[in-house]
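Engineer: Put chains B, C and D on the given structure of chain A with help from the hints.
Chains as they are written, first to last, in numbering that gives the first Met the number 0: chain A, 0 to 638; chain B, 0 to 178; chain C, 0 to 478; chain D, 0 to 107.
Source of the hints: derived by calculation from the structure; they are not laboratory data. Each hint should be verified, as a subset may be incorrect.
Unchecked claim - Capping the alpha-carbon separation at 27 Å, the derived lysine-lysine pairs in DSS-like fashion look like this: (1) 593/A - 148/C; (2) 24/A - 354/C; (3) 62/A - 164/A; (4) 119/B - 129/B; (5) 20/A - 158/A; (6) 612/A - 148/C; (7) 431/C - 164/A; (8) 99/C - 354/C; (9) 158/A - 99/C; (10) 20/A - 431/C; (11) 447/A - 369/A; (12) 431/C - 354/C; (13) 556/A - 537/A; (14) 590/A - 148/C; (15) 148/C - 164/A; (16) 284/C - 590/A; (17) 20/A - 354/C; (18) 612/A - 424/C; (19) 354/C - 164/A; (20) 20/A - 424/C; (21) 284/C - 593/A; (22) 354/C - 284/C; (23) 158/A - 431/C; (24) 24/A - 590/A; (25) 148/C - 158/A.
Said to hold, decoys possible - Here chain A is said to cover these stretches of chain C; the calculated rule only asks that three of the stretch's residues, wherever they fall, bring their Cβ under 8 Å from a Cβ of chain A: (26) 309-317; (27) 376-389; (28) 404-416.
Just so it is clear, the structure is predicted and the values come from calculations on it, not from any experiment. Built from N, CA and C at the ideal position, the CB exists for glycine as well.
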Amino acid sequence: MLTLMIFLPLLGFVLNGTLGKFLPKAISGWLGTAAVFGSFVIALMSFMDLTGDTTMPERIYTKLFTFLHVGNFHVDFAFQFDRLSAVMTLIITGIGTLIHMYSIAYMHEDDGFYKFFAYLNLFIFNMLVLVLGSNYLMLFFGWEGVGLCSYLLIGFWYKNVDFGKAARKAFIMNRIGDLGLLMGLFLIYDTYGTFEYQDVFKLVFAGSAESNAVNTAIALLLFIGAMGKSAQIPLYTWLPDAMAGPTPVSALIHAATMVTAGIYLVIRSEAIYALSPIAREVVMWIGLATSIMAALIGLKQNDIKKVLAYSTVSQLGLMFIALGCGAYTAALFHVITHAFFKALLFLGSGSVIHGMHHEQDIRQMGGLRKKMPITYLTFLIGTLAITGFPFLSGFFSKDEILMSAFAHNPLVFGLALVSAGITGFYMFRMFFVTFHGTYRNTHHGYDKVHESPLLMTLPLLVLAVLSVIGGAVNLPQYLGESISGGLHHLLSYDGGGQFSPILMYPEHAIELSHTAEIGLLVMAVSVFVIAFLYTRNKYVTQGAVPESDEAQAGMGKVLANKFYVDEAYDTAFVSPIEAAGDVVGNYVDDKGVKGFVDGFGSGSNFISRLLSKIQNGNIEYYLVYMVIGVALLLAFNLF
Amino acid sequence: MMQNLPIPFLVLSFLTILSALYVVTSKNPVHSVLALIFTFFTISAHYVLLNAQFLAIVNLIVYAGAIMVLFLFVLMLLNLSKETEPVKSNWWGISAAITAGCLLLIITAAFQVSGEAVAKNPVEGIGLVKALGKVLFTRFVVPFELTGILFLASMVGAVLLGKREKGNDALISKEELNG
Amino acid sequence: MEVIIIPILASIAVMALGKKNQIWMSALLSMLPLIFIAQFFNHVGVDGGWKTLFDQPWISDNIRFTTGFDGLTGILLLLTNILVPVIILGGIRNDENRVKITALTLFMQGALNGVFMAQDGLMFYIFWELALIPIYFITLTMSGENAFKITLRFFIYTFVGSLAMLASLIYLFLHTANYSFAFEALRAVELSHTESIFVGGGILLAFLVKIPVLPFHSWQADTYTNTPAAGTMLLSGIMLKMGLYGLLRWFLPLAPESIEFYQPWVIGLSVAGVLYGALIAIRQKDMKRLVAFSSLSHVGLIAAGIFTLTLEGLEGSVIQLFVHGINVVGLFLVIELIERSTGTRMLGELGGLAKNNRLFMIFFMLIALGTVAVPFTNGFPGELLLLKSLYAYRPNLSLLAGLTIIFCAVYVFRMVQFSMFGEGKGEVASLKWNEILAFGIITFFILGLGFMPQILIDIVHNSIVQIGQWVSEARGVMS
Amino acid sequence: MSILNIFSQVEISHYIYLSTVLFCIGLFGVLFRRNAIILLMCIELMLNAVNLLFTAFSSYMGDSDGQIFVFFIMVVAAAEAAVGLAILVLVYRNTRSTDVSFLDQLKG
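In isolation and in its complexed conformation, chain A is listed as follows (with noise of 0.2 Å):
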């Protein structure tokens, strides 16, 4: 079963790859929805049978084959389905299905067509390898594989050149953070011998205090490819230009699944964080950093996918302080919430590019919620849940984050709290200046805007009711302790005993005063009515637009250039290593080693013809060489 979960995807890959040319559009999007549907289908079942019956183990578990064995060297191709994986794998699947769908309509003009689903097919197998293999190296494999499948999705328009750098950035900023991975998985094999996690774990688990200092590196150095594949900083420039790829790539990969891979590996690598305090600290504190500036960059961005873009980045940030906090279910609550949200949110946005006729820009739209009702509405579901309007999703996984900030660290509390906070005025700014207000294009009249296909609303109204009512997975305890923690109970469940669960440690119970809760709530709360009436003022009652980047200036020009990253960058790395192989291709090689090369041969030509010059016919000449030889010879005897 396991297996066939996996390798559906796979096998409409190949079906779309190799006769999808020959399919019409409709059998070969319906494929390959089926082909997730059915993986969706099968891991509902599983994840039945694993909570369902107690007397099931802690994982499922399916060697393939020996992928290698070098000497000491051991690893297998194998899978296992274990609580957390199955977590990741009803969201990929579930999500996937319904972006799936979604696309048939989206993409149905697309020369295409078969391509793009073959491509989201390989990247759901990928993504399930990612989740589902049953040690680091199965985990490098998906990790690289989503990696490859991001580049080909956002390069899929491959006619514009911009596309394919998006494209290359994207794939090697996450070769990058894959660089760390590696190192880190070297680390464990040297430490532990192994890579399949339950045997690393118990190591781990066994292992002395003295371990902690390698622990810390690897934790680390997994960090890294983390950062990469998560987008933190520094290595988050890509997220946003990979927005270059069809809408439907944003919202999977982008949005609901990819980019979460480092908050999976961090949950799942719990063991060795729990042992560092150090790294995590260092999670906490960049996730921090990334969710402020990604959401203060956000302010100031026009198009509408980009906004989305730095928002997913800021959420990715506020995970990951959720994970320095040691607060790893709130953590994957979150990535459930924000995968039902954000991917509601990119595809709402895809739907209104889709009616707007491929315009991006918010100036050029406003008063679109008459055109679109159903992704007006649905849109301001996803708006009011990512913003934690009271009692949506969004508001419970993030109000966990944020308090267990402050049991961690009132400042990060705070910090986390501006960035909560900043989140409310970028999403409302986009959402008012897009449905509200006046029609602001010249191009498409606004008669010419149309609602979407049902094809396309139908995903819209699914996701937005898992918004609404996604909470519910681990509503928090003051809600009545009977519903509460249901995600916290399933990673902490050990069988009664008979196994370790996924979070070998217990988490720091959050020891705070239902008084000290209720007043984080209030705060949360009263900042995002802040932030609703601030923007709804500006952008509705006073139907404010936003300017155009020139127009920008101080603060507001440098968040509109994305405080200067990308050229920092250019400037700190691509340009001298361009100009370092430049100088190494054209000066070292061809005139230094080649040169110095070619010297022995133009020197022994040299020589040579020093010495014809010698030999220049003239027998007296010879006579006299040959005596001198002669004396040389004799006066050598002699001494």
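Structural biologist: Okay, now just chains B, C and D, sitting in the frame of chain A:
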């Protein structure tokens, strides 16, 4: 030690070296030839002193008689008796002298260092025709015959070289020779 | 024996047939040895050491024509006899030189098979040099202005190395018990430390030039650029592997005492070469040059892996040399087809080739992915093992060499981007059956080995373990 | 019996010096002169210096082999002179000169 040497030896040696020098330095080839003949005479005299009577005679006949006459003959033939030789530059002469001098120095030095007294064991009559003939026709008979073949070959070679071939009459200029 | 003779006979046959010869004929001829190799695998097997198959006195009683077979030989025979058909199918242009190049390629196949099977030092050397001759003539068919000069440089370069090796072999020969060039006899010679440094250095030089490792690489890019595609493929796909094979088969067993001395140097230079090649490749405009320098980068990693002397490194290097052969031939085939259709291989002059030829695009992408070592393609397992072995040697070196996975992505995708994507500037002619077949073989190995690299390891494991034993014994004696 | 009992009064070293001097004079001539005929003559002179030494050793040691050698050397010298002169005539015919510095076709 010079003083202890017998006068005839000294005189002979002096003449030998003098005439040899003249051979080398004389501008006129004919004079050179004549000086060389004189040198051969003095060397023959040395042979006599050394009890090598047969060689002394052969030296006179073969060298002074045959070979030198050949030289003279060629000189006459080519009409080279005049001082036609272009004089070489001084430095060339100096360097040649230095080179030759160096060799001289080294050989004598070598002899000084490694020379051992050779046992004097003169045997009466080994230089006579009879004695030499015996050795030559017994132990050295094969080389002796080979010498004959060598002579034949050189004779044929000389004749062949000297023969004027048809169509080869035209003088080849130096430029043509240098191609 | 047969696998050496048949290609040479085939080469004569092709020459005799001349223009009448068709591609499929020569391709079939070049595949004939595969039958025998399959037989070797079946009947001789890869267990139990380097077994002698054929043994006859040759130049003298002690210089024999001895061929052997084991896993390591098997892998390289496979590589050679798979790639030569690929080259013949896709890599040879249909012009006046076709017959000549085909014949030379077949001849090369025989010589290479000889190199990989030779169990006699002198026979190894002779075939080693014999393999050089066809490449020389193939290169000379190019009438580029510098062709002669470049060929000469290449020839002298490799020749100097080879002569050093010959000197070392002769030195060993003179010290054998009964004056024999047989591998076992040469191996049995006990050398003092100093001796082994000189002898090992000579052997090493030949291989390092051929691989090539950093300072000895300056023949590479120019020769690649100025050789017809078939020559480039032969050089990069198989000839370079001669050097790596030589390291494993001849250098490590014959001069194990000197490894300690050379290890840091070779690893250092190799890792430097990894970065050096990658840096240069990033900025190349000529696709052939780009791949040439990427090749420098990749083989540097392999050489470094061998010298870590870990099991992972040695076996990883075998995987990687096989895989690199497949991938680099694939890349050169792609470049050749692009050049054939558009008349240029300069990145600036190309673009948008993906539009007209989807199939070609898929093949190119797969080969590129294999080169970048994405998981599930063949490049990954070998690179993983090599980096792992380097990590065991020095973690920071592994990090440096690991930068190649970033750089490699940069230059390969840059190449893909500028040639295939963007606005269309010309198109690639639709693939003919032979080209599809050639690509098919390559993709089969890219995907197959991506999933099941263990197959290669199982084949080669015993040979490597034996080599490892010899090395560790000798090092034990030394210390 | 020779005219003089030379062996009692003259050391062999004197003959060695003498012939060395003669040899070097011949050598000097060979180096210095450009006329091919003189060159040949100088060579004869060198040969004679060697002959003298051979004979001296032969007589001092009472072994006739040295004298046999001188005999052979003379033979070779004669042959050499004959062939050499023939070549010389030929060269002269072609170049109208016996100057050896014209003959530089061996240039490297």
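Engineer: A separate judgement is required for each hint: does it hold in the structure or not?
Structural biologist: Going down the list of hints, with the structure as the test:
no. : hint          : result
1   : 593/A - 148/C : holds, 13 Å
2   : 24/A - 354/C  : holds, 19 Å
3   : 62/A - 164/A  : violated, 39 Å
4   : 119/B - 129/B : holds, 23 Å
5   : 20/A - 158/A  : holds, 19 Å
6   : 612/A - 148/C : holds, 25 Å
7   : 431/C - 164/A : violated, 32 Å
8   : 99/C - 354/C  : violated, 35 Å
9   : 158/A - 99/C  : violated, 41 Å
10  : 20/A - 431/C  : holds, 19 Å
11  : 447/A - 369/A : holds, 13 Å
12  : 431/C - 354/C : holds, 18 Å
13  : 556/A - 537/A : holds, 19 Å
14  : 590/A - 148/C : holds, 17 Å
15  : 148/C - 164/A : violated, 39 Å
16  : 284/C - 590/A : holds, 18 Å
17  : 20/A - 354/C  : holds, 14 Å
18  : 612/A - 424/C : violated, 57 Å
19  : 354/C - 164/A : holds, 18 Å
20  : 20/A - 424/C  : holds, 24 Å
21  : 284/C - 593/A : holds, 19 Å
22  : 354/C - 284/C : holds, 22 Å
23  : 158/A - 431/C : holds, 26 Å
24  : 24/A - 590/A  : violated, 57 Å
25  : 148/C - 158/A : violated, 41 Å
26  : 309-317       : holds (count 5)
27  : 376-389       : holds (count 6)
28  : 404-416       : holds (count 7)
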